[in-house]
Amino acid sequence: MKNIIVVGNGMVGYKFCEKFVEKAESKDFKITVFGEEPRPAYDRVHLSEFFENQDAKALEMAPAEWYGENGIDLVTNERVADINRTAKTITTAKDREFSYDYLVLATGSSPFVPPIKGVEKEGVFVYRTIEDLEGMLAYAAKLRELKPNARGAVLGGGLLGLEAGKAVMDMGLEPHIVEFAPKLMPRQLDSRSSQVLKLKLESIGLNIHLSKATNQILGDKYIIGMEFGEDDMLDVDMLVISAGIRPRDELGRACGLEVGVRGGIVVDNTMKTSDENIYAIGEIALYNQMIYGLVAPGYDMAAVAVEQIIGHTDTVMPADIDMSTKLKLIGVDVASFGEPFMPAAKGHSIIFENKTQHLYKRINVSLDGKSLLGGILVGDAADYNMLHQVYLNGMAIPEDPSQLILPASEGGSSFGSVLDLPDDAQVCSCESVSKGDICCSITEGDCTTFGDVVTKTKATSGCGGCKPMVTDLVNETLKSLGKEVKEVVCEHFNFSRQELYDLIKINKVPNYQEALDLFGEGHGCETCKPLVASIFATITMETANRQPTIQDTNDRFLANIQRNGTYSVVPRVAGGEITPQQLIVIGEVAKKYDLYTKITGGQRIDLFGAQIHELPLIWKELIDAGFESGHAYGKSLRTVKSCVGSTWCRYGMHESVTFAIDIENRYRGLRSPHKLKGGVSGCIRECAEARGKDFGLIAVDGGWNLYVCGNGGATPKHAVLLAEQLDDETVVKYLDRFLMYYIRTAGPLVRTAPWLDKLEGGIDYLKQVVIEDSLGIAEELEQEMQGLVNRYECEWKEAIENPEMMKRFKHFVNSDDTDDNIEFVPMRGQKMPKQWV
Amino acid sequence: MQDILNQYVTVTEDAVKEWFRVGETTDFPENSGACIKYKSKQIAVYNFSRTGKWYATQNLCPHKMEMVLSLGMIGDKDDIPKVACPMHKKNFSLEDGRNLAGEDLKIATYPVKIEEGNVYIGF
Ligand SMILES: Cc1cc2nc3c(=O)[nH]c(=O)nc-3n(C[C@H](O)[C@H](O)[C@H](O)COP(=O)(O)OP(=O)(O)OC[C@H]3O[C@@H](n4cnc5c(N)ncnc54)[C@H](O)[C@@H]3O)c2cc1C
Ligand code: SF4
Ligand code: SF4
Ligand code: FES
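Residue numbers (full-length UniProt numbering), protein chains in the order written: chain H, 1 to 837; chain S, 1 to 123.
Any given hint could turn out to be false.
Stated by the list, open to error - Distance condition first, Cα-Cα at most 27 Å in a straight line; then the derived BS3-like pairs of lysine-lysine:
#, chain 1, residue 1, chain 2, residue 2
1, S, K41, S, K64
2, S, K89, H, K57
3, H, K2, H, K272
4, S, K41, H, K807
FYI, nobody ran anything at the bench for these hints, they're computed from the structure.
Working from the sequences, and respecting the hints, build out all of it.
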């Protein structure tokens with residue numbers, strides 16, 4: 001039995017253990033792992049997710065029991081303090097000694113903190129461990145309480161710095177990024193793309209300061225600002241330092257292992273250090289004079305060290321290491337791969353830039369125009385996985401390479417099928433899973449779903465960047481085998497939403513419980529209940545009052561549940577048109593019930609902070625004044641936004657407000673697979689942002705242009721043109737058909753844009769169905785819609801007039817007390833819920 | 001907030017010191033939860049009429065400390081009766097209160113007794 005000691009239980013140290021115990025030879029070895037952190041290894045790459053859920057368990061690479069079950073001794077919370085190479089022993093900070101045959105150093109790196117005066121002040125953080133994040137959260141919470149407009153800054157505008165910037169923003173602080181270089185992500189981006197990225201980040205609210213050298217951190221005990229030059233300062237209340245990493249090579253240095261000039265323990269391509277019994281892997285290892293600050297190379301190193309130790313000495317580290325990266329920021333696509341900057345002598349660059357849309361794409365191709373050498377994508381990195389594969393596998397590129405990056409509408413084409421990739425194309429680089437591995441697990445193995453493939457191959461379980469591609473591969477492979485890729489509702493209904501819709505409709509099923517008895521099994525869940533509720537609503541227009549217990553909480557109480565269990569109230573303001581008298585009523589109601597008021601993005605007014613028993617009282621007053629439910633709580637038509645149009649605007653071509661009101665009133669209360677929004681603009685200046693909606697109308701000479709399937713939100717998409725120069729009547733006819741067709745066929749919680757993406761034949765097919773009636777169902781769709789329109793009633797009015805329905809608006813069954821856990825604190829003359837965390 | 005959480009501790013049927021009446025069965029909507037008050041505690045009571053069983057748990061979701069579990073939809077997962085928190089859809093077993101995704105979150109459960117149309121919770 002030989003002893004292996006692993007120093008460091010981080011991502012790579014863990015991966016070493018995982019790969020080691022998979023080997024048959026592992027029975028001849030005993031592994032002991034020392035980790036300095038208080039918990040077992042966790043997924044640092046997804047550290048930022050901790051901000052969302054504070055769920056440390058969810059980040060674990062493996063539960064603590066895993067180590068014991070696999071014969072590994074895991075010692076957490078104990079730092080290795082010394083190595084004695086002659087005696088082949090280590091000593092821990094608790095002064096315990098252990099001997100080894102092989103020592104594996106996986107000590108990773110620590111954040112580099114530049115020697116700036118004042119960095120030790122309270123409120124200055126680094127971003128590496130769960131403890132760092134806990135500290136930041138606690139500090140930010142304190143700040144928010146003391147100061148409504150507190151600011152947080154990040155020192156460093158690299159990949160990690162930007163991720164930290166987003167975290168600062170999510171913590172409710174005004175975010176600032178301070179970068180020493182004249183551009184963002186200096187290691188991955190050229191100046192032009194970095195400029196585009198800056199505009200994009202500014203548009204989502206990050207403040208960017210470039211070319212700033214920080215001289216000093218200001219403040220007595222805690223940070224109050226940063227000083228750059230004499231009169232150049234930035235007031236900040238919190239700072240996250242993200243200025244690069246330094247390998248934790250102190251152990252290696254002390255025992256005389258060869259180290260690099262700028263740190264890191266030197267290894268050869270077998271991962272051996274200058275001592276043949278000591279290996280170094282991950283962010284501590286200096287390979288090819290480089291520290292690779294990414295997990296994928298670290299995992300490869302772990303695999304090499306495993307093979308070397310068990311005697312498979314011909315497995316070595318490749319000389320070239322792929323450093324392609326994609327930023328994991330929600331809402332901002334940035335990626336670079338291969339050689340992002342390229343001297344003109346080595347090849348040609350093709351650049352596509354559109355500053356107004358914050359779009360920049362650059363690809364570098366070889367001088368003979370035959371191969372892809374690298375590139376940069378900002379604003380739209382949807383093609384990253386495919387381009388990356390083309391680059392990695394040296395695949396042929398089109399004769400006109402610009403096709404690879406031009407938007408589809410300008411003649412560019414997306415790629416062929418994912419199945420065209422060579423079998424050895426590495427799809428998941430974190431876990432080294434090839435396209436062949438994925439496809440074979442289905443064609444030759446017994447995997448039949450995405451989940452099976454993940455369990456079998458581990459693909460997607462590292463950084464997760466390959467998920468879209470793996471999903472496509474799985475679906476395409478299943479399809480090629482003639483297997484249906486069926487999306488069933490949940491474990492209770494073995495049908496797709498559309499099938500269930502038809503079953504309920506044809507069999508005239510009266511309610512959920514019967515649907516479950518007839519077509520389902522078990523007792524239902526939070527997925528199928530609201531889904532079936534929505535199907536009932538679109539078949540019979542039944543309101544949420546009829547089967548309240550199968551509704552999502554929002555629909556059940558006809559209000560939006562907010563943090564701390566209060567609700568918000570939004571009356572319908574069709575087209576955004578409101579009279580002074582109505583404004584006064586809303587104001588008075590808000591004052592009477594002490595509600596926080598805010599104008600919404602859909603041109604109406606949201607009243608926050610109502611308790612459940614107040615809802616009917618509030619609605620009674622609103623309904624008496626002529627308001628009705630705005631359905632802001634439902635997966636249903638929200639608003640039809642309008643500009644003032646020809647009524648007031650000197651450019652207006654048609655009366656956009658009038659038409660918006662008509663349309664909103666036509667489709668009000670309409671329940672659908674997801675929320676629906678509309679917009680009407682009076683001319684092509686598009687002040688109502690109609691193309692950012694599920695359906696949008698823009699006035700042109702001779703009528704309206706009708707656009708469909710756009711949305712804002714996390715993945716914004718412009719609506720596409722369905723038909724031009726329509727009169728009012730035709731618009732309504734087409735809208736009836738379009739909406740009803742979407743409602744019938746879309747999957748649960750699929751908005752119109754992704755629905756269109758998946759619709760075979762795309763917009764052309766949709767045009768045939770809606771305009772040319774290629775399916776022969778146009779009349780049926782129109783009649784169904786008219787039926788729903790005729791049956792509309794305001795569900796709030798229904799609820800407050802029916803004592804039986806009113807019963808549910810009460811917090812306790814056995815008491816008239818109200819929920820005493822709800823607490824508010826003042827904010828800018830109004831109130832907000834008190835934060836618990 | 002931790003104090004509020006700490007007052008909820010699972011009570012098993014044989015450890016009940018007091019059976020507290022919380023209303024009639026008809027006060028509780030079918031196949032759904034509802035909230036009752038006992039001293040300073042808020043308890044979610046579930047009338048699982050599809051199986052004819054009753055369950056009770058703390059109303060406080062341990063995930064983000066929201067008093068909302070009684071508003072969650074109930075149902076089953078792999079045949080275990082459960083409630084899904086309406087906030088972020090964490091699933092808890094109604095039988096023993098554990099999180100069904102294996103996360104380190106747990107809710108306290110309480111026994112329920114039905115006698116002559118009255119509902120009692122054991123504390
Ligand atoms: C916020 C964030 C986002 C990131 N995003 C990405 C990304 O998108 N893609 C990507 O590829 N990479 C990303 N990275 C980098 C990635 O996390 C690292 O490359 C990876 O964690 C390196 O693994 P490691 O095991 O070498 O080091 P670590 O994970 O740092 O593990 C080293 C461990 O050793 C312990 N240790 C050190 N010295 C001792 C000692 N003497 N005794 C005992 N224990 C010791 C440390 O406490 C630590 O737990 C990100 C990093 C961060 C912080
Ligand atoms: S879209 Fe045209 S009509 Fe409407 S407000 Fe703007 S400029 Fe005026
Ligand atoms: S309102 Fe919308 S964008 Fe704003 S925090 Fe909530 S979900 Fe996010
Ligand atoms: S508060 Fe219950 S799941 Fe988040």
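Going down the list of hints, with the structure as the test:
no.: 1; hint: S:K41 to S:K64; in the structure: holds, 17 Å
no.: 2; hint: S:K89 to H:K57; in the structure: holds, 17 Å
no.: 3; hint: H:K2 to H:K272; in the structure: holds, 18 Å
no.: 4; hint: S:K41 to H:K807; in the structure: holds, 22 Å
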